[in-house]
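Using the sequences plus the hints, can you model the full thing?
Residue numbers (my numbering), protein chains in the order written: chain A, 1 to 211; chain B, 1 to 211; chain C, 1 to 262.
Hints listed in this document are in silico derivations from the structure and should not be mistaken for laboratory results. Owing to the predicted nature of the structure, the values given are computational and were not obtained by experimental measurement. Idealized CB from N, CA, C, for every residue including glycine. Heads up, some of the hints might be wrong.
Ranges of calculated distance between the beta carbons of each label pair, as one might list FRET restraints [as the list claims (entries may be wrong)]:
#1 A:V122 x B:G181: 25 to 33 Å
#2 C:Q54 x B:R178: 45 to 53 Å
#3 C:R168 x A:H53: 54 to 62 Å
#4 B:P13 x A:R113: 28 to 36 Å
#5 B:K93 x A:H53: 36 to 44 Å
#6 B:K86 x C:A68: 55 to 63 Å
#7 B:G148 x C:A98: 28 to 36 Å
#8 C:P144 x A:H53: 19 to 27 Å
#9 B:K93 x A:R113: 41 to 49 Å
#10 B:G181 x A:R56: 50 to 58 Å
Here are the chains, one letter per residue:
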Amino acid sequence: MDPAELSLFAAPPMGEQERMVEAVLFASSEPVTLADLARRMPQGCDPAEALAHLSRRYEGRGVHLVQVGAAFAFRTAADLGHLMHKESVETRKLSRAAIETLAIVAYHQPVTRAEIEEIRGVAVSRGTVDQLLELNWIRLGRRRMTPGRPVTFVVTDAFLDHFGLESARDLPGLKELRAAGLLDSRPLPDLPPNAEDDDTEAPDQSELFED
Amino acid sequence: MDPAELSLFAAPPMGEQERMVEAVLFASSEPVTLADLARRMPQGCDPAEALAHLSRRYEGRGVHLVQVGAAFAFRTAADLGHLMHKESVETRKLSRAAIETLAIVAYHQPVTRAEIEEIRGVAVSRGTVDQLLELNWIRLGRRRMTPGRPVTFVVTDAFLDHFGLESARDLPGLKELRAAGLLDSRPLPDLPPNAEDDDTEAPDQSELFED
Amino acid sequence: MSKTDDWLETRPTPDRLADEALIIDVDGFEGPLDLLLNLSRSQKVDLRRISVLQLAEQYLKFVNQAVALRIELAADYLVMAAWLAYLKSRLLLPPDPADAGPSAEDLAAHLAFQLERLAAMRDVAARLMARDQRGRDFFARGQPEAASICRALRYDASLLDLMRAYARIRTRDDFRPYAFDREHVFTMEQALDRMRGLLGYMGAWADLTSFLPEGWGASPTRRRSAMAAHFAAVLEMAKRGQVDLKQTEIFAPLLMRRKGEA
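Have a look at this one:
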C-alpha cells in the first residue's frame, strides 16, 4: 500500500480505539491477546495504548481490566465478589417424570395423585411430587370430597411466573397443541425441514388450525 | 432494630452502589431486573438511581447500558458490531412466513392464530409458530374472552432484547400504524358476500382464504 | 408485473410471454391476498386510493389466463375470484334499495384495508429485521462470571417442554396398542365350557337362545357377542358328535339336542 492510500485509511482516533477494545473484550468469550486485538481493529491502530487508556478508565470501578497470561479480560472487582453468588446457580433440566407430572397438574388441576398416575399410566414417585413442591411449582389444593378425602395438587403463582403464563387457563388445549405440531408422533425437529414452503404445505392443514 | 444499629447498616454511598450495579450487570449476560438488583445489594440501596448514574457514565462508550422490558443489561455499541464477527452467532434464517408472523404478533399483540391468518390471508403453518416459540420470541398470552376462548400470542422480553427494544411500545412505525388505523381489528362488513339465505352466520373473512 | 393495466389490448408477443411467466409464477404468491397486493402495485397509487374495481378486473384476468394456460389454481384463488366477480358486479350496478347489509363500497373499502394492512405489516417486518440484532450487531457479555462459593441447584424447564410433555402423554393415549374391551365380550372358550356343563340337561329339541347366559340378553352388544360365541361353541360340539343341530328355514331358531336323544 502506498503512503497516500495509507493516509486515506488513517487509524481512528485513540478514543475510538479504546471503545473498540472495550467492546471486543466485553463480548469475547475468552481473554483476548494483543495480537488478536490488532487483527480485529483497523489498520494502524495501537491496541496496547488503547488498553492502557481503558485500564485507567476502569480503575476503581465495579469491573477491572485484568491481564490473564498474555491476554486481557474484564473481571469483577474482587471486593464485590459477594454480589456474584447468585450467578453460580447450576441449572438442570427437570426429569421426564417431573415435567410430565407437572404438566398433568397444570392441565388437570386440582388433581389427585391417583389421577396423575392414571393419566401417566405409571406410579408417581414420592420424590417427584416432593421435588415439584420444593420448587414451589405445585402446592396442595383443597381435599377432594370423595372417599378417603385425597389431597389434590394445583400449580402455584411461581409456576405461572416461571413459565410466563398469566393463568393456567391460558395453556393451549389438545387441539391447539396439535395445531402447533406438538401432538405429532414425529419427533419435533429443531428446524422445520423446509421452512420456506411453510405456507404451501398439504391443503388439509388449514382444518388443523381451526379452533 | 434500634437507630444506632440501623446506622451501622446504612446504605453504602451512591458511588459504591453504582460500582455494585456495574459489577452485577457486567457479570450477567442476561438482563437483570431492578428487583433482582435490590435483592443482591445491601439494605437501603437505590438501584434505580445507581442505574441512572451508570447509564450516563457509559454514554458514548464501546459498551452501553440498555433497558429490556423491566430489566437492564450491558450491550456492545451497535456501530462496533463489525469487530465482533468472531462472536456473531449464525442465526437460523427465518422464513418469510415466520418473519411476518413475528411482526404481526409484535404489532397486534395479544393476537390469536385466526387473526394472524386473517391479516396474512393464508393459514399459518405448524412450523412457523413452533419456531417462534422455540426461539422464545413469542409466548402465550391470555386467552381471548370470545367464543372458543382462543389462545393469544405476545412477544417476550427475549424478543425485545434481541432487537434492542426497551419495550414493545418502541417498535418501529408503531405510532404511524396506529394513527392510520391499521392496528384496529376491523371485521368484514356484516353480510356474507354470496349468501342467499340470511340465517347462515357471516363468515369472518379468514374463511375466504381457506381451502 | 408492470403492464398489467393493458392486458385487455392485443399485445405483441414479448408482453404476452411476460404475462405467461407471471402466471407460471403463481406458486410464488402466498395466497390470493398476496397476489392482489402485487397486482395493486401496478396501479402505482396510495393503497388508500386504489381502484378495487380495476384490481378485481386484473385479478379476474389473471385467473382467466391461468385457466386458459391450464395452470391449476388452488381453491382459495378461485374462491377469491368468485367473490371479486360478485363484488365487481355490485360495484357496477346501481345499488338496490331493498338490499340490506353492507354496500359494495363497504366491501371494497374493506378489501383495500386488508391490502393496506398486509402491506404495512410487511413494511414493519422488514424494518424490524433491519434493526440491530443481538448476536449480529450488538453483543452480550461473552464471559458471564459464574465462579463462586455457593452453588445452588436450579431446575429449569420451558413452557415448550411442559406442553411437549403433556402432548407426549396424550399422544401415548391416542396411539396405545389396540386392546379389546373384554367387558362385553363372551368368548367361544367360555361358551364351550358353559355348554359342556349344560349338555347333561339337554333333552328334546331346544332353541339355542334359551341357553344364553343370564344378563347377556339385555344389551345388543352383549347379546350379539354371547350369541356368536354360543353358536360357534355348539358347532364345535356338533363336530365332535356331542349334539345334533337343526334349523327349519333360514333365520329360523336354531334347535339343538344331545346326540343320541331320540
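Now the hints, each set against the structure:
| no. | hint | verdict |
| --- | --- | --- |
| 1 | A:V122 x B:G181: 25 to 33 Å | violated (55 Å) |
| 2 | C:Q54 x B:R178: 45 to 53 Å | violated (29 Å) |
| 3 | C:R168 x A:H53: 54 to 62 Å | holds (57 Å) |
| 4 | B:P13 x A:R113: 28 to 36 Å | violated (55 Å) |
| 5 | B:K93 x A:H53: 36 to 44 Å | holds (40 Å) |
| 6 | B:K86 x C:A68: 55 to 63 Å | holds (57 Å) |
| 7 | B:G148 x C:A98: 28 to 36 Å | holds (35 Å) |
| 8 | C:P144 x A:H53: 19 to 27 Å | holds (25 Å) |
| 9 | B:K93 x A:R113: 41 to 49 Å | holds (46 Å) |
| 10 | B:G181 x A:R56: 50 to 58 Å | holds (56 Å) |
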